[in-house]
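Participant: The chain contents come next:
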Amino acid sequence: MRSPFQLEPARLIEVKRENVDTKTYTLKYEEAGRFREGFDPGRFVMISIHGFGEAPFSLSGLLGEGMFETTVRKVGNLTGRMDTMKVGELVGVRGPYGRGWPIREAEYKDVLIVAGGIGIAPLKPVIEHIERNRERYGHVEVLYGAKTPDNMIFIEQFDRWRKIKDFDLKLTVDSVPDRVAWKHSVGVVPLLLKDVKVQPENTVVLTCGPEIMMHFVVQSLLARGFDQESVYVSLERRMKCGLAQCGHCMIGMKYVCRDGPVFSYSELKGLPDLTL
Amino acid sequence: MSIKVVDEQEFRLFIEKLASAYEVVAPVKKRGEHVFKRIFDVGEVDLEYVTTILPPKKYLLPPSDGLIKLKKNGEFEEVKPEAQRRVLLGVHSCDLNALMILDRVFLDHFKLPQYVERRRSLLTVALTCLNPSPTCFCASMGTGPSPDQGYDLLITKISAGYLLEVGSENGEGLIRIASGRQGGKKDLEEKCKLIGEALKLFKKKIDDVSGLPELFERNLEHDVWKKLGEIDLACGQCVMSCPTCYCFDVSDQLSLDGSESIRVKEWDACFTLEFSEVALGGNFRRDRAARLRQFIGHNLGWGGGVQYPELGGRTKCVGCGRCIRVCPVHIDLTEVVKTLRSG
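For the record, the sequence lines run as chains S and G. In this text, residue positions in the first sequence follow this note's numbering: the first is 1, and each later residue adds one. In this text, residue positions in the second sequence follow this note's numbering: the first is 1001, and each later residue adds one.
Honestly, the hints are just simulated from the structure, not real lab data. As the structure is a prediction and not an experimental result, all values here were calculated from the model. Beta carbons are placed, not taken as given, at the ideal position from N, Cα and C, and that holds for glycine. Treat the hints with care, as some may be off.
Stated by the list, open to error - Partial selection, computed: residues in chain S whose CB lies under 7 Å from chain G:
| no. | residue |
| --- | --- |
| 1 | Met-1 |
| 2 | Ser-3 |
| 3 | Val-75 |
| 4 | Val-87 |
| 5 | Leu-90 |
| 6 | Glu-236 |
| 7 | Lys-240 |
| 8 | Gly-252 |
| 9 | Met-253 |
Said to hold, decoys possible - Cut-off 30 Å, straight-line C-alpha distance, at most; resulting in silico cross-link-like pairs (DSS-like, lysine-lysine):
| no. | chain 1 | residue 1 | chain 2 | residue 2 |
| --- | --- | --- | --- | --- |
| 10 | S | Lys-254 | G | Lys-1071 |
| 11 | G | Lys-1226 | S | Lys-254 |
| 12 | S | Lys-16 | G | Lys-1071 |
| 13 | S | Lys-109 | S | Lys-28 |
| 14 | G | Lys-1226 | S | Lys-28 |
Unchecked claim - Covered, in the sense of this in silico footprint (three residues per stretch, anywhere, with C-beta under 8 Å from a C-beta of chain G), are these stretches of chain S:
| no. | region |
| --- | --- |
| 15 | 43 to 54 |
| 16 | 61 to 67 |
| 17 | 179 to 193 |
Chain S extracted, bound-state conformation:
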């Protein structure tokens, strides 16, 4: 019997620096063909490095041909080791796990994407999916905030995104250092909500970022009449198994690894240990 903890070797084929502490890694499975299915936006994989352990990482790019991207901020031992990885090195991967963004439910509706910090990483494949299937989605608005302009990621993608038809990208930062020119908003992400064009009746909202940010986003949208069932959040928990067994990601009766990481707000409402 194959252990659910068994790993698949994947090779690092490209590293792209996003900002001072964050890089995007392109990984390619050694045995490519088997992994085209199931890599939906919003799901996650477990990545292992010998001597440094294993952790969950969301998918930030779905490239097909057994290749995917993950965008990682250097915050601990494993991510610190990833930061030093060279092209050609091998890691162990298992997954993908969990339930991703409702990209099918969002078809023929307007889409509002609200992201904070590295929270835009799991939403990038949604934007790219919409870009490839433009006719199947209505008006799309992306609100993205970071601490400072230097903390933003995927900056190189912004011009391309702006060219997508019927697509708005609005940026904001908490503060702007003196030396930096900034022509966008200043202030926390939820402040951008006041100018969105999408209407509650026909919009699916996808949000990812610090839980406290998502709290204000969700509350503000609900107050404006958005439906709890059309507002989706992606939660961060330190999954140890990804199999709904280890218990680390339990929230009430839900396992973030199995029932999420993407949930509609209606599924989470009333559960314990959340700031949402």
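Given the coordinates of chain S, work out where chain G should sit on it, guided by the hints.
Facilitator: Only chain G this time, still in chain S's reference frame:
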């Protein structure tokens, strides 16, 4: 299904025969308490026990379990599960029901090969519990004092010796090696009478086990959490002694020369602060009260009935009473439910 009655002498011989073919694990007296332990001499077995210190889950989920081996050159290797032909002898109904709950976690969806192998190699000789401890409440949980399923063989101490009842095909094989007389209606009637008497001995209960998930859902902000959270030591003894607590941590143990590491899963407890830590020191259950609510909520609320509908509404808690017995500050699950029910 076959029924036999064996006298004390025949019972001894039966265990000896079992021990020659299997590793037999049974309750054994240890410093005034009882533990499940491999026996080497039939004289060690003590079926006149109330509850063991630790449940038998350690034979399916050892405190530490190797999963895979990682090598420096980037290769991975599975740690092959061992399969020990084992008889769990004298297991009470609560602990037997607990094994059935663990089965749902480790056999239903993602099968853990280590668990699968150990479970497949495990025969269960259950024991009707006629002497509940002051903290037991299995009777109100529908999990005791006598099991109705999940065993290979069931033993009940009756006046003539031991009544053996077969519960599975494997059990038919086991009863064949016991010499004794054919059991009958009279013996079964005696068993029922004894269970009836045992039921009168229970001191603790949960009055109404229906709607427990909803009761917890409605009472997430109840004062009881704050109040008990203040005295709670977060020692995690309740989790460690719980027969159904299965949560684990995963870590890599690196060899001294750094050439390989073994990925192990180890018992973990939702009472520890680290359990719910996320990146950059974030923690979504920093309060002890929240951790206590998680433990009790998982055991009596959403675990079981909601998570494993196939258990027919039973909760994850099987009423063994160990968590109450070991709690240094006397936190009592049955009292918590009583408090929540009273509003």
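Participant: Does each hint hold? Answer for all of them.
Facilitator: Each hint, compared with the structure:
no. : hint                     : result
1   : Met-1                    : holds, 5 Å
2   : Ser-3                    : holds, 5 Å
3   : Val-75                   : holds, 5 Å
4   : Val-87                   : violated, 14 Å
5   : Leu-90                   : holds, 3 Å
6   : Glu-236                  : holds, 5 Å
7   : Lys-240                  : holds, 4 Å
8   : Gly-252                  : holds, 6 Å
9   : Met-253                  : holds, 3 Å
10  : Lys-254(S) x Lys-1071(G) : violated, 35 Å
11  : Lys-1226(G) x Lys-254(S) : holds, 23 Å
12  : Lys-16(S) x Lys-1071(G)  : holds, 27 Å
13  : Lys-109(S) x Lys-28(S)   : violated, 33 Å
14  : Lys-1226(G) x Lys-28(S)  : violated, 50 Å
15  : 43 to 54                 : holds (count 6)
16  : 61 to 67                 : violated (count 0)
17  : 179 to 193               : violated (count 0)
Violated hints, listed in ascending order, are 4, 10, 13, 14, 16, 17; each of the other numbered hints is respected by the structure.
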